[in-house]
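Undergrad: Here the protein sequences come in this chain order: S and A.
Read in order, the letters of the first sequence correspond to residues 1 to 391 in the numbering used here.
Read in order, the letters of the second sequence correspond to residues 1001 to 1391 in the numbering used here.
In short, the hints are calculated from the structure, not lab data.
Hints may be right or wrong, so weigh each one.
[Stated by the list, open to error] With a straight-line cut-off of 30 angstroms between C-alpha atoms, the simulated DSBU-like cross-links for lysine-lysine are:
#1 A:1131 to S:116
#2 S:131 to A:1131
#3 S:82 to A:1112
#4 S:112 to A:1017
#5 S:131 to A:1268
#6 A:1017 to S:131
#7 S:17 to A:1116
#8 A:1390 to S:131
#9 A:1112 to S:314
#10 S:112 to A:1116
Protein chains: 2
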Amino acid sequence: MISSPFESAEYQSRLAKVRNEMVKRRLDLLIVNDIANQHYLTAYDGWSFYTPQVVVVPLTGEPVWLGRNMDAVGGRLTAWMKPENVVGYPEDHVQTPERHPMDWIGRWIAEKGWGKGRIGIELEAYYYSPKAHARLTMALPNAVFVDADLLVNWVRAVKSPAEIAYLRLGARLAEAAVAKAYEIISPGIRECDAIAAIQTAQYSGLRDHAGDITALPPTILAGENASAPHLMWSNRAFTANETIALELAGACRHYTSGLARTMQLGIKPRHVADVEKAVLEGMDAVLETARPGTVAHDVEAAWRAAINRHGLKKESRIGYSIGVAFPPDWGEHTISLRQGDTTVLQAGHVVHAILGMWMEGWGIEISETILITERGCETLTSFPREIFVKV
Amino acid sequence: MISSPFESAEYQSRLAKVRNEMVKRRLDLLIVNDIANQHYLTAYDGWSFYTPQVVVVPLTGEPVWLGRNMDAVGGRLTAWMKPENVVGYPEDHVQTPERHPMDWIGRWIAEKGWGKGRIGIELEAYYYSPKAHARLTMALPNAVFVDADLLVNWVRAVKSPAEIAYLRLGARLAEAAVAKAYEIISPGIRECDAIAAIQTAQYSGLRDHAGDITALPPTILAGENASAPHLMWSNRAFTANETIALELAGACRHYTSGLARTMQLGIKPRHVADVEKAVLEGMDAVLETARPGTVAHDVEAAWRAAINRHGLKKESRIGYSIGVAFPPDWGEHTISLRQGDTTVLQAGHVVHAILGMWMEGWGIEISETILITERGCETLTSFPREIFVKV
């Protein structure tokens, strides 16, 4: 048995909150397709989600993990449920046009007597396909399917003390990653070599805990890539006088704290310093505004007012709820810091406020992972916010 | 402009093969949701697929990439099409219940005049959700949607010389990764530290090329995890006398060669040596059988006969087509080496034959990435196959 990240009481509490919401929505069963949600409810942890895998939550009793037979062994090693609640479908259902895993899973649900009534299901989870859904609904003709997207995600939005402790460890790894980037990146160093050093800090940066894979890989925006987010590293070497945006994170037991910073090789140009000043003031405005009772869109409005004073604009949102995460995204798809988001912030919310300004041919990013506390907020990462100049 | 992995002629040839298949199936348009397929057709390369993103292939003219506005900048830097064929949807459509990117994309397709006729669409691509499909079909009421899963994947199955060159580079990175694992793994070393060293070899192992992220992260099966594939690393330190299965790969311009090997700390136990012998004979049987004209299931049958002679059985398939890959899977979902797969192998096919035997509390894995040649086959990786014993 692999050590579970949390005590049994934590999982029971999560399950109770999810069931409370199921009852409100008159659901008889919940089918959880999102991998982070599956892990959140069961502790199951394996890179097996490239074949269909679901967690089924009835109103009473344990949840059931259903996945590939080969991975049910790992399910029994990582998930907290009794072995009979970790169920594998036959290997001959894997990636073949002849049989679909959802045929088998649907039959299993029906045989269990759970194929009637209202079934809530996550219809926008990564790795749950239109074909999978068509096959599942075909196998369960007596059920009424109800969209349950984000039901579990909204339960996740408020973090427990134990979760916050992991996020703090993730924050230490994120700090180690940025410090390593500052240390290694210099003219002549290749992007891929910098990424290797950064990932080493992400995985090895804590003595008593492993760093986990981050849901997004490290991104470094420099040179030809500097004007666009989310591009991948290459064989290119850094050159003198580049402005380099680093979008990094650290993850401990999959709890992820983001940390973006910007560094400057050589002398910081005036236009970079000007945008930096605006962004730093914008971050101050975010941190002054974010507290229990504030509406999410007011945090963005405070940022917008600050950068507008500098003649700058930004179209995209500036932050999102963050927590337990699996690839491809560490955002939780619930709270966004943007116009029109009316979520009222409360203690235990954690948002990654990421202030990315992509200009013509260069860009800067500065972020903080922010815990809403009883009285205000706290940045989980503790790292100088200014652009790091390396001459 | 970021350097494209291939010449223009390569993309034109791919497009011609895809259109040939579209015509055969009487498709007027193809919507490509699979990220590896999108990259294969357009060279687009960014970690942006956590928001909806499609590539639309009409019967004439350039394909069109449609994704998040923020990522269209990176699209214009990486994709080979004219800038007007890289199209961004507004940021206020990102992860909000009020607007769905597929509403916008569907309208765009309709306005282009492509909303009529038969539209082929990949219904089992990762990151394409049932909700996305429902919104898209709602926005295109005059189209007939036809399942086009694996249409592009089957075009990908036969590799060009330029693709094989990248797979050879990926194979060098995979060899570097296994060599590094052999070097670093010893009693007292933590799993997470070994993973960091292995990833460094995967990214930095070639002087003239960057190593890319592999579609599956490195997996190390040892200690409590040894009896199950696909589990993730932890803070645990290796101990004396462990049998350790390494499932690794290397990726160059996302072309991925897999390489699994097994190492033994201390003296190799008799039961491990017995299974090793069977697996090595099984690999010999695979390599003797795999050639143009052989049916995929006969390769598996040769393996099965070999291990049956040693009293061993394996339920799951022993290999799959491999090539260009993005997370979460490096398999191409076409050819499988297993019972019932009637694909006739041909020159240019590349399969990852992975012989994993997970026993009670331990396991071994040995794999080869195999290119089918004109006369037989060739392993792209060149690395001693026997269990590496480290005393």
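Undergrad: The structure should be examined with respect to each hint, and the outcome stated for every one.
TA: Taking the hints in turn, this is what the structure says about them:
1. A:1131 to S:116: holds (22 angstroms)
2. S:131 to A:1131: holds (12 angstroms)
3. S:82 to A:1112: violated (54 angstroms)
4. S:112 to A:1017: Between residue 112 (chain S) and residue 1017 (chain A) the Cα gap is close to 46 angstroms, so the pair fails against 30 angstroms, i.e. violated.
5. S:131 to A:1268: violated (46 angstroms)
6. A:1017 to S:131: At roughly 25 angstroms apart (the allowed maximum being 30 angstroms), residue 131 (chain S) and residue 1017 (chain A) satisfy the hint.
7. S:17 to A:1116: Status violated; Cα separation ~46 angstroms.
8. A:1390 to S:131: Not satisfied, since the Cα-Cα distance of roughly 47 angstroms exceeds 30 angstroms.
9. A:1112 to S:314: holds (29 angstroms)
10. S:112 to A:1116: violated (43 angstroms)
When each numbered hint is compared with the structure, violations occur for hints 3, 4, 5, 7, 8 and 10.
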